[in-house]
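Q: Each chain, letter by letter, is given below.
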Amino acid sequence: MLFWILAALLTLAAALAVMRPFATRKASPAGGADHDIEVYRDQLDELGRDVERGLIASAEAEQARAEIGRRILKVSEIAEQQQAGDTNPNAVRLIAAIAILAVPLVSWGLYIATGSPGMPSQPLQARLEQAPSNTSIDDLIARAEAHLADNPQDVRGWQVLVPIYMRLGRFADAETALRNIVRLSGESAELQGALGEMIVGRAQGVVTAEAEAAFKSALALDPGDPKARFFVALARAQEGRLPEAHAAWRDLAADLPDGSPWREAASQALAGSENAAAQANAEAAPGPSDEDVAAAADMTPDDRRAMIAGMVAQLDEKLRENPTDADGWRRLIRSYMVLRQSDDARSALERAVAALGAGSPQSQELEAFAASLGIAVE
Amino acid sequence: MTRKQKRLAIIAGALGFLGAAAALTLYALGQQTSYFYMPGDLEERPVASGQRIRLGGLVEKGSIAHGDDTQVRFAVTDGDHSVKVTYAGILPDLFREEQGVVTEGAFGADQVFVADTVLAKHDENYMPKEVADSLKEKGVWNEN
Amino acid sequence: MSIELGHFALVLAFALALVQASVPIIGGQLKNEALMRIGEPAAITGFALVALSFVALTMAYVQSDFSVLNVWENSHSAKPLLFKITGTWGNHEGSMLLWVLILFFFGALVAVFGRNLPLSLRANVLGIQGAIGSAFVLFILATSNPFARLDPAPMQGRDLNPILQDIGLAVHPPMLYLGYVGFSVAFSFAIAALIEGRIDAAWARWVRPWTLAAWLFLTGGIAMGSYWAYYELGWGGFWFWDPVENASLLPWLAGTALLHSALVMEKRSALKIWTVLLAILTFSLSLLGTFLVRSGVLTSVHAFATDPTRGVFILAILMVFIGGSLALFAWRAATLSAGGLFQPVSREGALVLNNLLLTTATATVLIGTLYPLLIEAVTGDKISVGPPFFNLTFGPLFLPLLAIVPFGPLLAWKRGDLAAVAQRLFAAFGIALAAALLIYLVVDRTSVLAALGIGLGVWLVMGALTDLVLKSGLGKVAAPVVLRRLTGLPRSVFGTALAHAGLGLTTIGIVAVTTLETERIVAMQPGDSVELHGYVLRFDNLRPFTGPNYTEDQGNFALSRKTGADLGEIMSSKRFYPARQMPTTEAGIRTLGLSQLYVSLGEKTPSGALIVRVWWKPMVTLIWLGALVMMAGGAVSLLDRRLRVGAPMPRKKPAALPQGGSA
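Residue numbers (this note's numbering), protein chains in the order written: chain L, -2 to 375; chain Y, 782 to 925; chain A, 5 to 667.
It should be emphasised that the hints constitute simulated quantities derived from the structure, not laboratory data. Any given hint might turn out to be false.
[Claimed, not checked] Below 20 Å or equal to it, Euclidean Cα-Cα: the simulated PhoX-like pairs (lysine-lysine) are: (1) Y:K865 / Y:K842; (2) Y:K787 / A:K418; (3) L:K224 / L:K213; (4) Y:K785 / A:K608; (5) A:K608 / Y:K842.
Okay, chain L solo, but in the shape it has when bound:
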């Protein structure tokens, strides 16, 4: 309601402003030419000062004076022709009435069409001061952000925010927060682990080389750090180096006491991965598994070469028929690398990228995987 009263007052003030010239009877102003003559008189004065200062010769000054004189004459003539005529007072009144009415009509009409009169202002501070019970998680975050903007040295604040950001998928904010914690409390295995986890989250679950680097530096600071060990093993599994991954998970599970969340996670991951591997083998593995390649290492060089070459050829053929099988490509690239045929590995990668579509998430994953083996796309 207060809004409408104020709006009405503003409108009234505006309408009064328009009415003022009709309300006040001013003394008649100077005639039309007086303002011009004022200027020309000033020019004459200035001319006088110039002559006095010797900036202008007297003959030229005389000419200039005559010129200004002619202007004064001319403007007086025009002014006489332009004497104010008598206007019909009714027409004037009509125009004035329309003008004064236009102010409220146009403004209220337009405002009602475009404004949101019922909506109050919502300054952030006032919203943050509301009772926390009826606020959402967004409000709480905003509160924390506002607090940290004023107190960026508050480690606790950043620590509270990191997991929340992670859960909401705001990885960039999580990264900022983490870097702030690193800045304030120094490096630690835990922080590096969290950083790695953040990168994994950003990469939608893929343990990228960048993430692995973070976990490795966590392990450098604390060789027993379970989170880092878990993710490094996961990285091996994602690369298809299952035996290494399984061994790492087994070790992790053995090292940790009962009830530790990471022991749980490691056991689950191990079981899941072994099941998947077993199923894949049961379906007549379409290419050399890591075990096969490892087994081949025990044969004579010729046998080994023949076996692997046969398997690789088989896989290669299968991938020509079904080029969208990303796991197959992964195995093929890996096999070529084991055989130290890096050129073939590279061409396999190029074919894979072409088949999966350059820039698609699958080919990106594959490229990251290949890069971890030391192959880069040209």
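Since chain L is already given, all that's left is putting chains Y and A on it; use the hints.
A: Leaving out everything else, chains Y and A in the frame of chain L:
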């Protein structure tokens, strides 16, 4: 000279001056403008090596390679075709993979585009207009 | 509620502007005094309402009220208070409101300080201001309403574009708009004169302070924008011939021509038609600039996020005002009487030459800016017109203009003596020549251009000084007389000298930095040094740092002279703003005398070295110092008492008048 002749001379002088300025402008427009190409346009309208053009498109994913000196190599793509570009110097802040970019320079003898200027957008709402228009035609890029 | 009240105030201002646009002009036609007087209260009240509306929006920014769409899009609660305030005009909607606020501000100024104008002229001027005002307020309300609301309101905003979070950009737009929009007053005066069909020397006197003020602010706005681009974009350029920069240069060039032609009109009643046309063109170019920046038809780093409906709307405004005013001009120009005669060699002649060169230069810049649009419309080809075009066309036009500037103020009105003036300028010429030789022999023997260009700048400065020396009679009369003469000189004489000297300083700066600049791009490991122009820059380390709403890598460098003298640290950094996922470069700049050392960081190379770009920019600060001196010249001229000739006393017989007016 009479007053009339003088006036004529002045008007002639002013016109001559304006004519010279117009001629200079036309000459400069002919010589100093560079045409804008997307990688795909180069097949339809080949460009001689050494001719100055603007090449625009998206920075191809995974194509950025920094040399150990200040050389940078990357590829500009419009989704179908891509062109290799080399550039020596500091890239603009917002030069990133899969973002719009306009480079200015000329092709060298080996069909690699040697850029002396690289322009990227200056905030996330802005895409070089030529690039945006061309990409929209191809349906590669949309406003959001 | 304050937001809605601000919105309402804006709508009310629109209604009032409609009245202001119509009633005073009708009153002028009917010769009715009361109707004509409506313009003044309407203009003042309108300004108060727009100011109220602007304050409401600023409050919303300060309080981070994300229920306002515009605030949510362009602000963030963690932003420092200063950038919350300046963020108000860091976006299209808010800056448009600022534009309109300044337009109404000038209208109110005319209403308050325009008492020395004849009533009918004042009424028509305010009427035209009202018409422009109503058109632009309608544009805001219809296509770019900053008071649009969001319900429910988000808890966090999307932050202001980081490159705009800078003090330079905080001051630059208001200055630039004061210039752009200030020319609306000259435009309104021109249209008002055409409506009345009467225009003479007095008109030029009345319009002069408004043109001067607009010119002064535009000069400052352009200089500040140039300095911002110099240090914030991280590549050390000060002018890119970017379409948006051109859009601000065009009205500056035309406005400078207008200032000079209005002088002829005021003194000699000549060039009347031309001056009126220039006044129309100058503001038309301002409007064109607004259109180009906001419609998205041109590609530019400064362009706002674009929207086609806005473009069409502004184009319509443009057509109505430019087309309408030119039509009125064509209809009325023939009835305006010709003015005084003069010889080609005279002050008038020099000013005509100035106008010829300035307007031709304006035309080439305009052509270069619009040519790509034209070609695209006609053939569909996309082309760009870059710096080489402008250097080739603008240069040959501007250099002769600079060369003749010192002659102008020394020539007599009506009939000048060129030989005598040349003789008086002999000393200035000698000094300029000596400076050029010095540069050539001592600084750089490879660049004749540098020597000639710097010589030209010195010539301008010395020419300006010569004018003051001659007018004061220094060396010819006794010292006390000199002092008396100097103090007695009209302020505008000092203004002219300052403005011309400032132009010279800017010329020196531009020439020096473009011809003598040296640059090194090196890959540096911590501990590496690079040598440039007698200075040694050592890269110490790269440290991470976290600011309120960004993180950055700070590169720390130690600067010393080759001789070993330590000159302290330089810090250059790359920042990252997470809210917009956007990096920026913060260049490290050290001013050494008039020159600067400029350090900018690039990427890391695979081997872990950091690419660093270092420039030695000789005398670069003169570019902007010169602009400041030009502005000072404008300010001094503005204080000239002749511009404050008072209003005649009502009904007082024109008798002996007090010296110099009453204001």
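Q: Next, verify each hint and record whether it holds.
A: Going through the hints against the structure:
Restraint check: the Cα-Cα separation between K865 (chain Y) and K842 (chain Y) comes to about 12 Å, which is no more than 20 Å; the hinted pair holds. With a CA separation close to 15 Å, the supplied pair K787 (chain Y) and K418 (chain A) stays within the 20 Å bound. With a C-alpha separation of about 11 Å, the suggested pairing of K224 (chain L) with K213 (chain L) holds against the 20 Å cut-off. Of the supplied pair hints, the one linking K785 (chain Y) and K608 (chain A) is violated, its CA atoms being roughly 72 Å apart against a limit of 20 Å.
Between the alpha carbons of K608 (chain A) and K842 (chain Y) the distance comes to roughly 19 Å, so the proposed pair stays at or under 20 Å and holds.
Hint 4 alone, counting from the list given before, is not met by this structure.
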